[in-house]
Every structure is written in structure tokens, then in C-alpha cells.
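A.B. asks: The hints should help you fit chain B onto chain A, whose structure is shown.
Residue numbers (my numbering), protein chains in the order written: chain A, 1 to 290; chain B, 291 to 344.
These aren't lab readings, by the way, just hints derived from the structure by calculation. Heads up, some of the hints might be wrong.
Okay, derived cross-link-like pairs now, EDC-like style, lysine to aspartate or glutamate, Cα gap no bigger than 20 angstroms in a straight line [unchecked claim]:
1) Lys165/A <-> Glu114/A
2) Lys142/A <-> Glu174/A
3) Lys30/A <-> Glu323/B
4) Lys15/A <-> Glu308/B
5) Lys165/A <-> Glu340/B
6) Lys15/A <-> Asp267/A
7) Lys258/A <-> Glu188/A
8) Lys206/A <-> Glu339/B
9) Lys92/A <-> Glu171/A
10) Lys15/A <-> Asp305/B
11) Lys15/A <-> Glu323/B
12) Lys15/A <-> Glu27/A
13) Lys206/A <-> Glu321/B
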Amino acid sequence: MKIGVLYSRIRQDEKLLLGELRERGHEVVKVDVRDQRFGLSEPPAALADVDIVVDRCLATSRSRYATQFLAAYGIPVINDPATADICADKAKNSLALAGAGVPTPRTEVAFTKESAMECIEEFGYPCVLKPVIGSWGRLMAKIDSRSAAEAILEHKATLGHYEHKVFYIQEFVEKPGRDIRVLATDGEPVAAMVRSSDHWLTNAAKGAETECFELDDEARDLVARASEAVGGGLLGVDLMETGDSYTVHEVNHTVEFKALDGVADVDVPGKVVDWLETRAKSAEPAEVPA
Amino acid sequence: MANCPECGAELSLHDDVETGEIIDCGTCGGELEVVATGPVELETAPELEEDWGE
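Here chain A stands alone, though its shape is the one from the complex (with noise of 0.2 angstroms):
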């Protein structure tokens, strides 16, 4: 198969994927998103006659238009646009999440300082803003009292994009120290980990430590239907235990899965790759979103 790689930069995850698909005898097109232009009607040269793209779009504003981009080509691509769309944005990610019924934090948007101190003021203490694009754990901002809740909301609204206007607050989950990463190909887990650390954040790029887990049924359920939620494709489900359940937070659509490769006894890669295989064979255009 002809597999498109897009990409701005190759993580140790891109090289796993790479290794693998081209141990399988697999024409591998490697292309810089930087290098590339969209038009309307006809895709890069570079991409025009790949069976597949797999977006590895380090930057999300990037993943977000050119997967949209390659849709309209014609181009199936993993993850779908309309996907992408949700994941990448922590708003989006939580009305889907609710939308389907899965247990997801308890989360509000405001748009301005006042309605977003009333917020916080009714979650009460502790409580976590949360800037709607981002991620490994950053400008995440667990908020203690109310005098750090006005320092941080006023250097958001004068300092930030106006993105970070909108105040994404959500409930601090008493969580065991940990939450879990799942690699999941259209709901069903690659493998599971655990992301450890006496820090609040346990982002495996904040330095958590990680170790293989085992789901249970319950937390399989969730990731099926939490990947449903968002479209299915190529996802890292999050994941928090709360004691005799689990909350999903967020479902991420470039999944990086070095970390779980590390400490799965599966192999990770391979995994993704029998899974693209069966992608590319059956794969239809993405509808590109509305």
C-alpha cells in the first residue's frame, strides 16, 4: 500500500510507525505539512495518489485544516476531520463526551472574568481552568482560593489569545495519583497504562511515571463508547478511577504511544499498523464537517 505520512515533526512515536510500515513492505510517503499548500479543489502532489494519509500533525491547527483539506480530495485520512475537530478542543471533547453518556467531569465554559469567577466560586475549592487547545499538561492551572482564581483569570483575559477568553473550568477529580492512557483503534484498546506522579498532572510529558495496565470491563466499555463519542479512529482515551468507577476527561486524536510501547507487552506498532492495514483496504473519503 501507498501510506502518506504527514507530519512537522518525527517523534520517536512517527519513527516506530514508520519502521513498521516500511518493515511491511509498505510505500511510505513521508510529508512535511510546512512544505505543503491546499488548494480547493486539487491535493498537494505529493499526497495525490496515497491509499491513506495518517495525520501526525504535531501543531493541532495544522491537523485540524489539513485533515479537512484532504477530505475534500477525496483522500481517506486517519484521524477524520470531524474527529480531529473534537478532540482537539477540550470543549468540544467534553460535549461529546456528555452527549453520549459517558461519565465525563463535571465542566463549565464561561466567556468573561465575572461569569467565569461565579463558577469557580460555586465549584469551589480546588478547581481546574484549562486552556481549550492544548496539551501535555500545559497552562493547566489547578486553582486553591479565590485570590489565585482573579490573578489567573485577569493574566489570561489581558495576557492570552483570545482563545483563553474562554474559560474552560471543570471539577479537580480526587484522582489516586494516577490516571490512565489507553491506545485504542476504533473503541477497542491497544493497550493501557498508567501515567504515576505526586504532582496534580500526570502527563507522561510532565515526567509521570508510567506502567502497563489492565482494563477491566467497565473501563473497556468507556473507551468503546468514549471512541464513539469522537468518530472512532486511531484515539488515546484519558481516563480517571474515582474510587469505585472511572471519568473520562479527554480523548486524544494524535496519540502519541512511545511511552505505552515502552511498557506494554504488546507490540504497539505493530498493532496500529494491522489496524491502518484494515483501514486502508476498506477506507472511504471522510466526510469533511459542516
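C.D. replies: Structure of chain B alone, referenced to chain A:
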């Protein structure tokens, strides 16, 4: 082998180095992007942007 564009130090690279990969210069600590592999060419890597991630 390639030279760091920041400090000029000579870097020895893995055989499977890929265009688009980021490597660290062991001498100056600079983050470098591989922009070509035949032969290897390096440039200073772009700074982290706010919308990067997964």
C-alpha cells in the same frame, strides 16, 4: 556526521536518522532539526508552539 549549526560541534548520528527528527547537541544543548539526510543537514529546531501536542 554533521556539525551543529549553533556551536559548530561535530555530531555523530544514528544510521536511521529521519528528516524531521529532532536531536540534541551534546555540546551546547541546542535542539536541532534534521532537514536532509543525504548528507545530513541540521537546522535549529522551531520553538515550541502553544498548539503543539497530541
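A.B. asks: Now tell me, hint by hint, if it's right for this structure.
C.D. replies: Hints versus structure:
For the suggested pair Lys165/A and Glu114/A, the alpha carbons sit about 11 angstroms apart, so the restraint of at most 20 angstroms is met. A C-alpha spacing of about 12 angstroms is found between Lys142/A and Glu174/A, which places the hinted pair at or below 20 angstroms, so the restraint holds. Distance check on the hinted pair: Lys30/A and Glu323/B sit about 15 angstroms apart at the alpha-carbon level, within 20 angstroms; holds. Taking the CA atoms of Lys15/A and Glu308/B, the gap is about 8 angstroms. The hint holds against a cut of 20 angstroms.
Restraint check: the Cα-Cα separation between Lys165/A and Glu340/B comes to about 15 angstroms, which is no more than 20 angstroms; the hinted pair holds. Our distance criterion of 20 angstroms between C-alpha atoms is met by Lys15/A and Asp267/A, whose separation comes to about 14 angstroms. The suggested pairing of Lys258/A with Glu188/A holds, with an alpha-carbon distance near 18 angstroms, which does not exceed 20 angstroms. Annotation: proposed proximity of Lys206/A to Glu339/B holds, straight-line Cα distance about 16 angstroms (limit 20 angstroms).
The hinted pair formed by Lys92/A and Glu171/A meets the criterion: a straight-line CA distance of about 17 angstroms does not exceed 20 angstroms. For the proposed pair Lys15/A and Asp305/B, the alpha carbon gap of about 13 angstroms is at most 20 angstroms, so the pair holds. Taking the CA atoms of Lys15/A and Glu323/B, the gap is about 14 angstroms. The hint holds against a cut of 20 angstroms. Taken as a hint, the Lys15/A and Glu27/A pair is honoured in the structure, with Cα atoms around 15 angstroms apart against an allowance of 20 angstroms.
With a C-alpha separation of about 18 angstroms, the suggested pair Lys206/A and Glu321/B falls inside the 20 angstroms cut-off, and the hint holds.
Of the numbered hints given earlier, the model fails none.
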